[in-house]
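Student: One letter stands for each residue in the lines below.
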Amino acid sequence: MFKRRLRVITAVALAISSISISAMADEVNVYSARKEALIKPILDQFSEQSGIKVNLITGKADALISRMKTEGKFSPADVLVTTDVGRLHRAKSQGLLQPISSDVLEASISANLRDGNGEWFALTKRARPIMYVPERVNASELSSVDELADEKWKGRVCIRSSSNIYNQSMVASLIEQQGSRKTQAWLNNFVKSFARPPKGGDRDQIKAAVAGVCDIAIANSYYLAGMLVSNDESEREVAKKVKVFWPSQDGRGAHVNISGAGVAKHAPNADAAKKLIEFMVTKQAQEWYAKHNQEYPVIDGVDWSPELLGFGEFKGENVRLQRLGELNADAVKLMDKAGWR
Amino acid sequence: MLPMLVVFYSWTNPQVEAWKHLTETVLSDYVIHSLILAAGVGIGVSAIGTGSAWLISQFDFYGRKTLQWLLVLPMAVPAYIIAYTYTGMLDFAGPVQSAIRESFDLSYGDYWFPEVRSLPGAIVMMSLVLYPYVYMLALNAFREQSQSLYESSKTLGISGRRYFFRVALPLARPAIVTGASLAMMESLADYGTVQYFGVNTFTTGIFRTWFGMGNQQAAAQLASLLCTFVFVLILLERFSRHKRRYFNTGTQQRVVQRRAMSPKFQWIAAVLCFLPFLFGFVAPSLQLLYWSISHWQQNFDDQFLTLAFNSFMLAAIAALVVTFIAVFVSYAKRLVVRKDVQIATQLASMGYAIPGAVVAVGAMLPLIWFDTQFDSFMQNLFGISTGLLLSGSLFALVFAYSIRFLVVAVQNTDDGLSRIKPSMDASARTMGLSPKQVGIRIHLPLLRGSLLSAFILVFVDVLKELPATLIMRPFNFNTLAVRAHELASDERLVDAALPAMAIVIVGLLPIYLLTKKMDES
Chain V
33 MFKRRLRVIT AVALAISSIS ISAMADEVNV YSARKEALIK PILDQFSEQS GIKVNLITGK
93 ADALISRMKT EGKFSPADVL VTTDVGRLHR AKSQGLLQPI SSDVLEASIS ANLRDGNGEW
153 FALTKRARPI MYVPERVNAS ELSSVDELAD EKWKGRVCIR SSSNIYNQSM VASLIEQQGS
213 RKTQAWLNNF VKSFARPPKG GDRDQIKAAV AGVCDIAIAN SYYLAGMLVS NDESEREVAK
273 KVKVFWPSQD GRGAHVNISG AGVAKHAPNA DAAKKLIEFM VTKQAQEWYA KHNQEYPVID
333 GVDWSPELLG FGEFKGENVR LQRLGELNAD AVKLMDKAGW R
Chain P
83 MLPMLVVFYS WTNPQVEAWK HLTETVLSDY VIHSLILAAG VGIGVSAIGT GSAWLISQFD
143 FYGRKTLQWL LVLPMAVPAY IIAYTYTGML DFAGPVQSAI RESFDLSYGD YWFPEVRSLP
203 GAIVMMSLVL YPYVYMLALN AFREQSQSLY ESSKTLGISG RRYFFRVALP LARPAIVTGA
263 SLAMMESLAD YGTVQYFGVN TFTTGIFRTW FGMGNQQAAA QLASLLCTFV FVLILLERFS
323 RHKRRYFNTG TQQRVVQRRA MSPKFQWIAA VLCFLPFLFG FVAPSLQLLY WSISHWQQNF
383 DDQFLTLAFN SFMLAAIAAL VVTFIAVFVS YAKRLVVRKD VQIATQLASM GYAIPGAVVA
443 VGAMLPLIWF DTQFDSFMQN LFGISTGLLL SGSLFALVFA YSIRFLVVAV QNTDDGLSRI
503 KPSMDASART MGLSPKQVGI RIHLPLLRGS LLSAFILVFV DVLKELPATL IMRPFNFNTL
563 AVRAHELASD ERLVDAALPA MAIVIVGLLP IYLLTKKMDE S
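Protein sequences, first through last, are from chains V and P. With the working numbering, the residue at position 145 of the first sequence is 177, and numbering never jumps. With the working numbering, the residue at position 232 of the second sequence is 314, and numbering never jumps.
There could be a bad hint or two in this list.
To be verified - SDA-like mimics (lysine to any residue), calculated; alpha carbons at most 20 Å apart, straight line:
(1) V:Lys369 / P:Lys102
(2) V:Lys105 / P:Asp457
(3) V:Lys105 / P:Pro448
(4) V:Lys273 / P:Gln179
(5) V:Lys306 / V:Val169
(6) V:Lys273 / P:Glu184
(7) V:Lys67 / P:Asn392
(8) V:Lys92 / P:Asn558
(9) V:Lys275 / V:Asp247
(10) V:Lys92 / P:Glu106
(11) V:Lys323 / V:Pro73
(12) V:Lys306 / V:Asp135
(13) V:Lys67 / V:Lys323
(14) V:Lys157 / V:Lys369
(15) V:Lys273 / P:Pro177
(16) V:Lys306 / V:Ala181
(17) V:Lys186 / V:Pro230
(18) V:Lys105 / P:Phe459
(19) V:Lys224 / V:Gly371
(20) V:Lys369 / P:Ala181
(21) V:Lys214 / V:Asp247
(22) V:Lys275 / V:Val242
(23) V:Lys224 / V:Leu174
(24) V:Lys306 / V:Gln81
(25) V:Lys186 / P:Ser189
(26) V:Lys101 / P:Gln179
(27) V:Lys67 / P:Phe557
(28) V:Lys92 / P:Leu447
(29) P:Lys503 / P:Gln229
(30) V:Lys273 / P:Ala181
(31) V:Lys186 / V:Glu173
(32) V:Lys72 / P:Pro96
(33) V:Lys323 / V:Phe346
(34) V:Lys157 / V:Thr314
Treat the hints as calculated values from the structure; they're not laboratory data.
Okay, chain P solo, but in the shape it has when bound (with noise of 0.2 Å):
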């Protein structure tokens, strides 16, 4: 919560001249921008991760399985280089195009094309590799909506399309908001993408005032609007659901049982559901497996394994470190029910919506405090200067990451949880269970699916954040993302591309087997 003090405590400070300039010249469209971006990011998410887990949870048909976890690749993408990869393909100067323009003879403004660098790019662009938060949320509630729920409701002829919309949908609801606010949170806080697409939002617009004219004080107000912006809308998230509360009730749970289709719908669904994984994954892949096969002699070396190591191990220990501090989050809401804690943990996670860059500023101050009381303690006792021990080092590194993306796996431990109906808790107990055993004999095995996906998604988070890393890291330490934005922010795209290439390959593992062993429980 630290780095949220320290945006809000910039108040104190006013920037009466500053904001003046900003609300007579582009504030306007800093925020009318971010809104459009994060709403058509959260309906374009919602759309294709809802209707993909919908599909597969729901239907058998051809290819099923494998598009099953093919549809969470996307994830790995990071919406820069997607964007970069597009970029290459339809811009002007690009294959497509110039194939148009030589194949009818046409110049630049004869004919119409699709703008990619625009606003409506930017959120095709984040909606294709934001999407998964929507899907494996809305994968785990479907599934888990039980077959006798379906049956009860056919009686009452409620099927098909009625089901959906008026069963399903809304008992999934709190996962798809959950996946979808992520995404939109994600895209509020993205600088890569809009920066290419010259969009300007409140992220371009923080950095611009920061950077440009040197006003930290005004940015971090601004970065405090931001936040404030991400609160109201967890708000009316949360006073929509009206305090519904969803739990389980069957008792004798029964798997969901996969309807057949007929061979033309089987077609239909196989290829809907292959769509997302094209364009989100195929497409962008082959452009970089294209740019990156033709030089990767340049760019492949004995640093590039080191890369490699680092951006993995980096990205374990974080996920692991996280997870577990959600898992502590989660219960401590769940058990506790005061305000006070309620509001500590909403606040904990609007960290999300920043920019990481002010996210690693926030988190540095209070290691620094830190090493600079223990220099002095130590000084007083053995006259040893520590100088400083935490800061600069990996340690840093993954406080920072704790503090960004808590609120990813809090929101999958949260919704596993919710899950647990609470007099779950209190019949074992009556059967003798000590808390402790409930917790690892009745929860853990309940909760593994949404613990999986809380690790996969920090890890695969980690493996591509970029500006808390590059300002954070200790000497000589260099990630797979670092490597890339170094070449790419050059606008060495080609070179690029094998360190992208990297990114992809690294977060598939990890992915790939958690979510077969997800598909095995």
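Only chain V is shown next, with the shape it has when bound in the complex (with noise of 0.2 Å):
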């Protein structure tokens, strides 16, 4: 019994080993932070029109970057996507990318946009405004992020925890734009203005806030968006319930990140993996992402959904995107201080 079971499962390890991946032609692996569902018909659409086989392994991000480290240069890995700057910094940073010129991504994506060096590009744009419910809050009460800490907020602000990438980037963009100290000190009150300990996603907050917990939440705009053309009924009534403010018009611009991918450095394909990344910025690609992902596109002229259209135009903050990986860890210590959960 024992031996026989022993031949099977040598058998079996042994047929699956054999089932390793191989470099062939036409061919590019994908290390995806971005869920499958967000990424897979976009490239299903790539492989249609360029006949490249796209290979794909979603994850979350440090946990694919600490795999294409441990992998070194037999790493399959040609293009990695993540959904923050932060992490392609990190990427970067440990020399896991590879610079890349091309004329199309130069000028498609402005360049405070795009790494320096060309080792990765922004996809999309992500911004996190404020959330109010009109019945409780006025418009014309809000400016922006900074007065939330005022003693009017009081317990009214919902916002989720300080180990989400969102809120650490947003914290690391300010301490850019105004140093550690005085980060630290609008942290501190900002904090009182919580109207519950953190707790739940952003999609948690905007329900919160229509439930009465609090008057504003902080919140990704793709979020409010998702919840608008929601399967749900009642998630799409809640979000009819808020409205978008967007913070800081005439000051630095409401708080942006970014979607964006890089070139593997031990890259088997590196000329496919270019293609992909230059498809991303297509406007067919970049449509795509504005209707159905609801994120805002890198390039001009594309058509934006009606929910986005509805949130309206903004002017977002214009801030070096590589420092906001640097400053990551800065950030987290700032929040730590203040007691932010």
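Relying on the hints, combine the two individually framed chains into one complex.
Tutor: This is the structure:
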């Protein structure tokens, strides 16, 4: 019995280990921190048009970066896709990406949205506005995120945990623009504005605001847009009850992060990888993102979804995004000190 | 054991500044919350698991036969899924509280309602899905206590409640403690639930330090602290047992005769046993069902069957391999009574309390080392570059599961072997059986129950496993857990319901078949 089982197991082990990935022509291997549902359709379009087969694994960005690092020079990864700039910077600083020079990319993507060395490029923009419940808050009371630390807003703001990368990037961006000391002082007061200890995701903050836990939620715009077109009717109803306010429009602008991609240092199919990234900034791909993922395109002349149009145009922060990656650890420490859970 | 070494090796590069920051700000939170969580889950699962196992094994009441296997089912529900469903039902914005507000015309803050997303909430959620660990082991243990034990206790005037506390419970204690410690370790390794509930524990700390601060060293050091903590827990448990080992001594074993109950008590017993099943399985499943039915067409495609098949096969293969290894480990412990072997097996089992993502990174290192060596060997000999042969294949994944879930299987096989008296081997040998024959003809039939429960537990764990699967799987390979997680973490609970439901269903099949089989044996 044991012997037979051993034989079966050996056979199975051999069989599965033989399904290893070989680098064939006309393939490109993508490590994506973007979820499958949010990238596969556009990759399929790419395959259809270029004849290049796309192999995909998805996962948490840091885990994918660790995997690339341990795989070293044998890594099959060609393209790394992440949903925030901090991780792209981290991959770059660990020497996992290679510089790419591409006229298409340089012409389409403005300079602050790509790495100076050409190691990563933004694919979409994601904004983090203030959302308010018009029944309880008048838009004229709002101006910037900075003022949400005022006494007036004590116990009225919902925002998720500081473990979340969007909050970390937002604070890193403040540090870059205002310096550590000022940011710390703001954080110390801002946490007093929390209506409850942070919990849940961005959609939960919006729901809590509508349910009356708080009057203001801070969340990424595509979550609200996603709720507006949700399969769940109650979610659509909730989403209709909040409005978007774009902060600091006379000043530095609303906080913006990106999703982006870079070509791996040891990419076996570097040419195909470059083609893929170039495809991602074509009008076709950008429009798909603007309409299906509700994210802002990085190129001009692309139609937005009705939901994004409803939120209106806005001015975004003009920060060199790679600084957000560099300052991420500092941001976490300041939030720890302020007691932002 | 390698991931453990990797984790502890991190101390060669102490991160003074990071630690200073951690101790000044958040470390005490991590420690206290983790302790409360583990203790709470330990108490919760022991109470539910032992209580239900006792009723099922000792008494006859309405629906006992069905309840006996229904009680195992909550195990198929991943902790983070039950957390999502209860939040959906009981949160401010959920149907229950909305109904209260509407019918009494109240608004937020006017009334008290337990907060689901809190530390107590996390304890309840995890206890509800983890108690089957205790239940299965305790059921086995109670069943194997012989009838003569009960009768002789009775003649000594010990019966009823006293029999339970003074005789049956102490005898079943190793099994209960084993189950509870598995559940506690799982609660310590949990990330999905605590993160969603905003409870800061060691795991959230590890990920925060690793991802947020980009300090992998300090994160590994935190993980090692967690391991040490678990190790102390295990030692304490060992110590408290005073090296007692229990073997069945009755030569003529008689199966426990279930006692009859009055109709009133039958109902009470049936309801009591139904409650864990209701809250741990029925309620979350109904919520999932409700979510998935309304939009199943959008989420059900041809891919979906592939997903289910992948998940099932992967879990089955991994469970087979892990159970097989576990048998070896248990025999090594039984046959080689040496300190170093005992310690090595003990260390290997701590892997269960480490978050899957940390295990995955630890498991990748040796595989890639092997691949690199093999590549240069083949290069020199034949001029062929083999590249990454093992890592990035399903083999790597099964390897990682073996590390993470070995302890689950070993606990079961250990427990099974510990109930086979060594003198039995001796007498079998004197009767002319070879060691191999002893294994096949004596041990195997006696171990069947333990092997089955080891297999189910690992199967279900692999089915639910997320972080290691996410990071180590080959290209274009998806499982149900991955799909459910991706949608849920994108806060699309309604769309995540169908794959989550499928995990539960796929998990049910082996649980049902195997508990039936266990019952027959």
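Student: Which of the stated hints cannot be reconciled with the structure, identified by number in ascending sequence?
Tutor: Per hint list: 5, 10, 14, 16, 20, 21, 26, 32 violated.
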